[in-house]
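Visitor: Go ahead and model the full structure; you've got the sequences and the hints to work with.
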Amino acid sequence: MDELKKTIKNLIISMRPRQWIKNLFLFAAIIFVKQFSDIEKLAAVFEAFIIFCFASSAIYLLNDAVDAPYDRRHPQKRLRPIAAGELPVFGAVFAAAVFGALSVFWSFYINNFFALAVIGFLALNVLYSFYLKRFVIIDVITIALGFVIRVIAGAVAIDVRFSEWLILSTFFLTLFLAISKRKNELMHAEETEAREGLGRYSLALLDQMNAIVLPSTIITYAFYTFSSEHSKLLMITIPIVLYGLFRYLFLINIKTRSDDGPTDDLLLDKHLLATVFIWLAVSVAMILYAG
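First residue of the sequence shown? That's 299 in the working numbering, and the numbers climb one at a time after it.
Be careful, since some hints might not be right.
Said to hold, decoys possible - Okay, derived cross-link-like pairs now, DSS-like style, lysine-lysine, Cα gap no bigger than 30 Å in a straight line: (1) Lys307 with Lys375; (2) Lys530 with Lys339; (3) Lys320 with Lys307; (4) Lys320 with Lys530.
Said to hold, decoys possible - Ranges between beta-carbon positions, derived for each pair: (5) Leu302 with Phe411: 33 to 41 Å; (6) Pro367 with Val580: 42 to 50 Å; (7) Leu540 with Ser335: 40 to 48 Å; (8) Gln333 with Ile534: 17 to 25 Å; (9) Leu565 with Arg370: 23 to 31 Å; (10) Ala395 with Leu496: 22 to 30 Å; (11) Phe334 with Leu540: 20 to 28 Å; (12) Ile534 with Ile417: 15 to 23 Å; (13) Lys568 with Phe403: 37 to 45 Å; (14) Phe334 with Lys568: 25 to 33 Å.
Worth flagging that the hints you see were computed from the coordinates, not collected in a lab.
From the three backbone atoms N, C-alpha and C, an ideal C-beta is built for every residue, glycine too.
Guide: Here it is in structure tokens:
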């Protein structure tokens, strides 16, 4: 019984529930099309969120199983249950298959387009785990596309039209976060054995990439606020977004090692967490005021 409890505990840890915060991107559409007061649609997005939690956990389990040989040589990642041998690789892969299949079958109960989004998310991330993460630039673009799929999935789950500018700003924002995470990994690469692909980056290249992506994030978000059919008052949130982006840049350049990247930064940095809550509160207030 104790062994079973230990296995379940290690399985839950490997599912990385703290990373489920990324699936909150599914709520973007229902908030910005002013449908959050519709209980039926809100329930549908919550259901979609749970489905994506299973799907993303399937990917985390698979990715940790694939990366176990590298993680065992990493000072922090070697403590992960799969790398430490506390959760068998076969068991992790089997659980990943079960969670992946569950998320796909469940998604069809929402609608077929949402199911396609879930299948696309899983397929993209399986490719990333086995192949795409080896390639410079393609790896960070793949990560950003995963978030774009989340936003689109949240929209199709409740059958609402999503703004092209919202999709673009999501892509550039998450691309910025992915590039910044790579920079942090490279800054601390001497502490561990760099995984395949990371060594091909340089700090100068990553800084140049962010010099393009960061302005693109701001511009596309600004265009979204100007073109919003619900409230152009959303442009008031632009300075809040600017502060959040600059705060994250500051953290990346001064912080110590963080394996979980943006998720840890958001949850552990009070300034960044407060910025997100203020941005969300002001955005909702402006949308309601315009209505």
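Visitor: Please go over all the hints and tell whether each is borne out by the structure.
Guide: Hints versus structure:
With a C-alpha separation of about 17 Å, the suggested pairing of Lys307 with Lys375 holds against the 30 Å cut-off. Taken as a hint, the Lys530 and Lys339 pair is honoured in the structure, with Cα atoms around 24 Å apart against an allowance of 30 Å. For the hint linking Lys320 to Lys307, the alpha-carbon distance of about 22 Å falls within 30 Å, and the restraint holds. Between Lys320 and Lys530, the direct Cα distance comes to roughly 27 Å. Compliance with the 30 Å bound is thereby established for this hinted pair.
For the pair Leu302 and Phe411, the supplied restraint of 33 to 41 Å holds, since their beta-carbon distance comes to about 39 Å. Between Pro367 and Val580 the beta carbons are some 47 Å apart, a value that agrees with the proposed interval 42 to 50 Å. Between Leu540 and Ser335 the beta carbon distance is about 29 Å. The supplied range of 40 to 48 Å is therefore violated. In this structure the supplied range 17 to 25 Å holds for Gln333 paired with Ile534, their Cβ-Cβ distance being about 21 Å.
Between Leu565 and Arg370, the C-beta spacing of about 27 Å keeps the proposed range 23 to 31 Å intact. For Ala395 and Leu496, the hinted distance range of 22 to 30 Å is satisfied, since their beta carbons lie about 28 Å from each other. Between Phe334 and Leu540 the beta carbons are some 25 Å apart, a value that agrees with the proposed interval 20 to 28 Å. One distance hint, 15 to 23 Å for the beta-carbon pair Ile534 and Ile417, is violated here, with the actual separation near 38 Å.
In this structure the hint that Lys568 and Phe403 lie 37 to 45 Å apart at CB holds, the actual value being about 41 Å. The hinted window of 25 to 33 Å between Phe334 and Lys568 holds, with their beta carbons roughly 26 Å apart.
The structure fails hints 7, 12 (numbered hints given earlier, in ascending order).
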